[in-house]
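Each chain is listed here by its residues.
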Amino acid sequence: MSSRENILKAIRGIQRERKELPTLPDFKLEGDLVDLFIRAIQANKGEVMGEEEFNNWVSSCDFHSIISLSEPFQSLSTFELPEDPHHLNHLQLAIIQGQFGVAENGAIWLNDSQLPHRVLPFITEHLVIVLSKENLVDTLHQAYERIGEEHSGFGLFVAGPSKTADIEQSLVVGAHGAKSLRVVLM
Amino acid sequence: MSHPKAASQFLKDHANSLWHDETLWMVREKRDAISKTIPEWEELRNLASQIKDKVLSNLDVYLENFEANAQKNGIKVHWAKDAAEHNQIVLGILREKNCQAIVKSKSILTEECHLNPYLEKNGVEVVDTDLGERIVQFLQQPPSHIVMPAIHLKKRDISALFHEKLQTEKGNEDPSYLTNAARLHLRKKFLGSKVAITGVNFGVAETGEFVVCTNEGNADMGVHLADVHIACMGIEKIIPRRKDLGVFLRLLARSATGQPITNYNSHFRSPAKGKEIHLVLVDNGRSLQLAREKFRNSLKCIRCGACMNTCPIYRRSGGYSYGSTVPGPIGSILSPGLDMKKYSTLPFASTLCGSCSDVCPVKINIHEQLYEWRQEITKHHGEFGKGLSMKLASGIFKSPLAYKISGSTMRKAIKLLPKGLIYNPLNVWGKNRDLPEAPKESFQEWYKKNRG
Numbered sequence: 001m002s003s004r005e006n007i008l009k010a011i012r013g014i015q016r017e018r019k020e021l022p023t024l025p026d027f028k029l030e031g032d033l034v035d036l037f038i039r040a041i042q043a044n045k046g047e048v049m050g051e052e053e054f055n056n057w058v059s060s061c062d063f064h065s066i067i068s069l070s071e072p073f074q075s076l077s078t079f080e081l082p083e084d085p086h087h088l089n090h091l092q093l094a095i096i097q098g099q100f101g102v103a104e105n106g107a108i109w110l111n112d113s114q115l116p117h118r119v120l121p122f123i124t125e126h127l128v129i130v131l132s133k134e135n136l137v138d139t140l141h142q143a144y145e146r147i148g149e150e151h152s153g154f155g156l157f158v159a160g161p162s163k164t165a166d167i168e169q170s171l172v173v174g175a176h177g178a179k180s181l182r183v184v185l186m
Numbered sequence: 001m002s003h004p005k006a007a008s009q010f011l012k013d014h015a016n017s018l019w020h021d022e023t024l025w026m027v028r029e030k031r032d033a034i035s036k037t038i039p040e041w042e043e044l045r046n047l048a049s050q051i052k053d054k055v056l057s058n059l060d061v062y063l064e065n066f067e068a069n070a071q072k073n074g075i076k077v078h079w080a081k082d083a084a085e086h087n088q089i090v091l092g093i094l095r096e097k098n099c100q101a102i103v104k105s106k107s108i109l110t111e112e113c114h115l116n117p118y119l120e121k122n123g124v125e126v127v128d129t130d131l132g133e134r135i136v137q138f139l140q141q142p143p144s145h146i147v148m149p150a151i152h153l154k155k156r157d158i159s160a161l162f163h164e165k166l167q168t169e170k171g172n173e174d175p176s177y178l179t180n181a182a183r184l185h186l187r188k189k190f191l192g193s194k195v196a197i198t199g200v201n202f203g204v205a206e207t208g209e210f211v212v213c214t215n216e217g218n219a220d221m222g223v224h225l226a227d228v229h230i231a232c233m234g235i236e237k238i239i240p241r242r243k244d245l246g247v248f249l250r251l252l253a254r255s256a257t258g259q260p261i262t263n264y265n266s267h268f269r270s271p272a273k274g275k276e277i278h279l280v281l282v283d284n285g286r287s288l289q290l291a292r293e294k295f296r297n298s299l300k301c302i303r304c305g306a307c308m309n310t311c312p313i314y315r316r317s318g319g320y321s322y323g324s325t326v327p328g329p330i331g332s333i334l335s336p337g338l339d340m341k342k343y344s345t346l347p348f349a350s351t352l353c354g355s356c357s358d359v360c361p362v363k364i365n366i367h368e369q370l371y372e373w374r375q376e377i378t379k380h381h382g383e384f385g386k387g388l389s390m391k392l393a394s395g396i397f398k399s400p401l402a403y404k405i406s407g408s409t410m411r412k413a414i415k416l417l418p419k420g421l422i423y424n425p426l427n428v429w430g431k432n433r434d435l436p437e438a439p440k441e442s443f444q445e446w447y448k449k450n451r452g
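Taken in sequence, the protein lines are chains A and B.
Following the UniProt record's numbering, the numbering of the first sequence begins with 1 at its first residue and continues without gaps.
Following the UniProt record's numbering, the numbering of the second sequence begins with 1 at its first residue and continues without gaps.
Don't read these hints as lab results, they were simulated from the structure.
In this text, a Cβ means the ideal position worked out from N, Cα and C, and glycines have one as well.
If you only want the chain B side, here are some residues facing chain A, beta carbon under 10 Å, derived: (1) Leu56; (2) Gly74; (3) Ala150; (4) Ser159; (5) Asn180; (6) Ile235; (7) Lys273.
Over the 10 Å line for every Cβ pair with chain B, so calculated as not near, a few chain A residues: (8) Ile38; (9) Glu47; (10) His64; (11) Glu71; (12) Phe73; (13) Gln74; (14) Gln92; (15) Gln99; (16) Gln114; (17) Met186.
Could you put together the complete structure from these sequences and hints?
Dropping the structure here:
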């Protein structure tokens, strides 16, 4: 008998009481979603800015490799999307359109339709996500409600830059992935 | 080595053990603070516990659903009855891909299976990519905490280690500087690996997808650059519905580190074009634990580590004192299920204060199970050759008369005996402790006089 059969047989042989799955209540937040979202991103060591502030920041940075996949900022692209994701290694800035954000924790949902290479939001040195204020939900409960039965090979809640506190619990931003996250709220 | 013996080694460095205690308590306080910002916190814990009850009562069916859906999505599913089979499956995939070097993100399951030494013995270079795990891997140590693997080390230790391994400046202890050195070192490994291994936080039966949570982004850096992703998952990590993730992701990071969510929460449903995902479902003692009714609930664990951060014993004795892959209170109820003799001292490494159960996001009755394991182990103590003190205690507690007599004897003895007899190496509880003032009478005697 295969291990699969052995394991399933062992489990089936255990007498267990029948249990029911609970219904999940629709927990919401109190307060202004935009305010709460901004505070959550800041707590995760990201930044939230408007369009003008973002434009000023980009022009002050003198990036030489930018990939922009967000409609309003398409003209900022200086780097063609390579076939092989390894060639993104020296990418300085990726600008991605976010689907929606979660006010309770700052998480932003992306899937394969925003990510031509799944590694893009990780490998880039700096990450910018463009998000509409209209597209904020309260908590993860509404977030999964919204995702519903959507079928994507990969989905990601990104809530901040890459970070670690593995050396004496001192927080360091920029462990392996993006060294910064900026969210442009439109 | 027994827990008390190992703990006494940790306590030799007083300053370090004090720092360890205070730092983990700080993490516990962060968890408290953030949990209080969620009015429905207790309701979420109840829901999580109920969902896991359902999972355990229906595990065979969920596993079959999960497998069928994952296969539909193009994921290759493997089953391993134990650690050895798990390791063979992983090596088999690496051999097939002609792969001699892999990157691996944090996975307590692969630690439990001792995958690294197995692969290394078979000529595969394994690079742990979580910063804390890379640090302990350089030292050839296992993680001392499941969420903070290098919490037992100070930055001066890491600075010296990186000077040796990564040629950082001697004496530079700046965490940003050291982290950046690791970033550059690991970036090369990510770019060069054809296969990446990760653990799994949750597997969703209804969709066949699985979720991996990190703050560093190391799991994703590995798998999206590799051709093959191998995900290793304990069979108890199943949840029924996608929407259940809402409950568990709200609880996990808040309980673990006091943050509202990990910065990266990746949902893997099918491989990218031209790539492969393999998923290894591992039993390794879990179905046996499921059959033990008293200990079944321990399988609800989502590995947040909150019970370690709050535990007065863990904080003061360090993760290594447990000698098991999962240390702390949850480890002390899981490990005896794997090997009762080897881990016989662990359920005694507790004050039974119940704080672990109070913070557990899935409401495992950890302290009650610790107590239950003590009964099981005491029943077998002859086989384990326990010390005289436990045999005596067992005899005394079995007989009410013996208990009464011994009580009055002890009350006198505490006053009269020379300290050396109590603070002797045979009595591990005497270390770093003062005896209480002995009361003149027992509670029973007092009750008879005053309330009888």
